[in-house]
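Novice: The chain contents come next:
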Amino acid sequence: MDDALHSDEALAARLAVDLDGSFEALVDAHAGRLFSIALRFIGDRSDAEEATQDALVRAYHALTGYDEARIREIRLRPWLATIVLNVCRNRARVRRVATVELAFDPSAEPVVDPVARSDEKAGWALLLATLPPAQRAAVVLRHVDGLSYAQMAEALGRPEGTLKAQVHRGLAALRDALVAADRREREEMTA
Amino acid sequence: MNRPALDFDAIEAALATLAEPAPPSLAHGALVAVGLADDYALIESPVGPLRLAWNGRGVSAIESAADDHAFEVKFLARTGRRAKRRDAIPAGLARAIERRLSGDRRARIELDLRGSSEFEQAVWLKALEIPRGEVRPYGWVAAEIGRPKAVRAVGTALGHNPIPLIVPCHRVVRSDGTIGQYSLGGPGNKRTILAAEGLDPDELEGLARAGIRYVGSDTTRIYCLPTCHNAKRITPAHRVPFRSAGASEAAGYRACRECRPSAAAVVAA
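Top line first, the protein sequences correspond to chains A and B.
Using the numbering used here, you'd call the opening residue of the first sequence number 12 and step up by one each time.
Using the numbering used here, you'd call the opening residue of the second sequence number 12 and step up by one each time.
Bear in mind the hints are in silico, worked out from the structure with no lab data behind them.
Treat the numbers as computed from the prediction; the structure is a model and nothing was measured.
The beta-carbon is built from N, C-alpha and C at its ideal position, and this holds for glycine as well.
One should not assume that every hint holds.
To be verified - Straight line, CA to CA, 25 Å or less: simulated DMTMM-like cross-link-like pairs of lysine to aspartate or glutamate:
id : chain 1 : residue 1 : chain 2 : residue 2
1  : B       : K95       : A       : D58
2  : A       : K175      : B       : D20
3  : A       : K132      : B       : E31
4  : B       : K85       : A       : D31
5  : B       : K95       : A       : E60
6  : A       : K175      : B       : D18
7  : B       : K95       : A       : D29
8  : B       : K95       : A       : E35
9  : A       : K132      : B       : D20
10 : B       : K95       : A       : D39
To be verified - Computed spacing ranges between beta-carbons, pair by pair:
id : chain 1 : residue 1 : chain 2 : residue 2 : range
11 : A       : D55       : B       : G199      : 47 to 55 Å
12 : A       : S18       : B       : L87       : 20 to 28 Å
13 : A       : T75       : B       : P159      : 34 to 42 Å
14 : A       : T75       : B       : R117      : 25 to 33 Å
15 : B       : D79       : A       : D193      : 52 to 60 Å
16 : B       : P159      : A       : E79       : 37 to 45 Å
17 : A       : A145      : B       : R116      : 49 to 57 Å
Claimed, not checked - To list a few chain B residues with every Cβ distance to chain A over 10 Å, as calculated:
id : residue
18 : D79
19 : E83
20 : R143
21 : G166
22 : G170
23 : S194
All chains, full assembly: derive it from the sequences and hints.
Specialist: Next comes the structure, spelled out in structure tokens:
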């Protein structure tokens, strides 16, 4: 983590003096984590790939408008996280308007038990997708991307205390969903 | 799935495994989008297949190269950027290029001309104004961009045109009317492309040999460069050849407002 911080500081310094010559290093260092954030926030791989690319393009254009001193001060990890989450939220908003909203019936049985799927990672991803967006963003930044609460406060523009509570509620919701799925499974077996 | 523990530590550990590497195409795609790398594909042309490169800022190169590797080396040397081979040009861009090459100058194509001088860009943008099936002398381009003495520099700039065909440097010929040099594989290719655009290079050079630089109409009393679309409409009975702009003016003819032949005269003289 400390290494990442130091190399990000060095990278920001390089971007400040030679944006075109160092932007590829930013892409190499951050494309993977931004893709992970987008993938776990949106759920769909090709959407996540597009959102990540879009975020990198926005970052580049933002940097072309900043002077040297401002670029030097950017903390790349939280700054880029903010951009990719904004892109993801905007895309979700556009899609919601473009598609017919399905009525949500909380009493309905889930079609598949997310966690019972053979692919454990896919199961966790499906479970994560059931969290409300704000909780999901906080959980993804903290536990998938590994940001500190200070970095998250910067990325999400909310106080650390609020974010800690959100992550806690998110984890609790994930645990409850697992417990419920477990109970369902056992009931089915004994029925 | 067994879930031995439902405590937060176990959930956190599971979440930490959800990070994934970016798909391999993502980094290149982002760099292309901002113009720090390029894609390229083959296009058909009157002189055979060529390689056309593009990025988020526009079309960046058209080259004749023996193969992909030769193209990539040449492209990297000129631009400092990597180019990656694609199966095809994006559909919208391909349509615009087809329209432009068949003479529709309204078809909008962004050009990435980074790395060139202001003078070079002025020359190339001026060449873009020359309609398909017509040619203009180097001196005409020089005069039109306000640098009438820079005829040789215009020739050099056209030789460095990174996007031949789309930037039609083949439509600029020597001030004596002969076809002249061509960067995309030599003068033979220039003749082939001009012929494909409906011009007869032999006829053009025939006029040049006969010393004819302009043609006028004795009904409109207007004189043009020989390939101007207005000149082509003059019937043989009314066609009057001139050796110089001075001779046409002396005969009481005025310059065509579309091909602006007197621009060429300044330096052709």
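Novice: The output says S194 of chain B does not contact chain A. Does that hold with a beta carbon cutoff of 10 Å?
Specialist: At roughly 27 Å from the nearest Cβ of chain A, S194 of chain B sits farther out than 10 Å, so the non-interface label holds.
Novice: 49 to 57 Å was suggested as the range; check whether the CB atoms of A145 of chain A and R116 of chain B agree with it.
Specialist: holds, 52 Å
Novice: So does S18 of chain A sit 20 to 28 Å from L87 of chain B, Cβ to Cβ?
Specialist: Check passed, 27 Å falls within 20 to 28 Å.
Novice: Next pair to validate is K175 of chain A with D18 of chain B; report whether the Cα-Cα distance is within 25 Å.
Specialist: Judged against 25 Å, a Cα distance of about 17 Å means the pair holds.
Novice: Check the hint pairing K175 of chain A with D20 of chain B against an upper bound of 25 Å on the C-alpha distance.
Specialist: holds, 15 Å
Novice: Does the claim that G166 of chain B lies off the interface hold, with its Cβ farther than 10 Å from every Cβ of chain A?
Specialist: Non-interface label stands for G166 of chain B: nearest chain A Cβ at 31 Å, farther than 10 Å.
Novice: K85 of chain B and D31 of chain A: Cα distance at most 25 Å?
Specialist: Satisfied, since the Cα-Cα distance of roughly 20 Å is no more than 25 Å.
Novice: Just want to verify: G170 of chain B was marked as not at the interface with chain A; is every Cβ pair farther apart than 10 Å?
Specialist: holds, 27 Å
Novice: Would you assess whether D79 of chain B, listed as outside the interface, keeps its beta-carbon beyond 10 Å of every beta-carbon in chain A?
Specialist: holds, 21 Å
Novice: Taking 10 Å as the cut and beta carbons as the points, is R143 of chain B off the interface with chain A?
Specialist: holds, 35 Å
Novice: Compare the distance between the alpha carbons of K95 of chain B and E35 of chain A with 25 Å, and conclude whether the hinted pair is satisfied.
Specialist: holds, 15 Å
Novice: Does the structure keep K132 of chain A and D20 of chain B at a Cα separation of 25 Å or less?
Specialist: holds, 16 Å
Consistency with the previously given hints is maintained throughout, with no hint failing.
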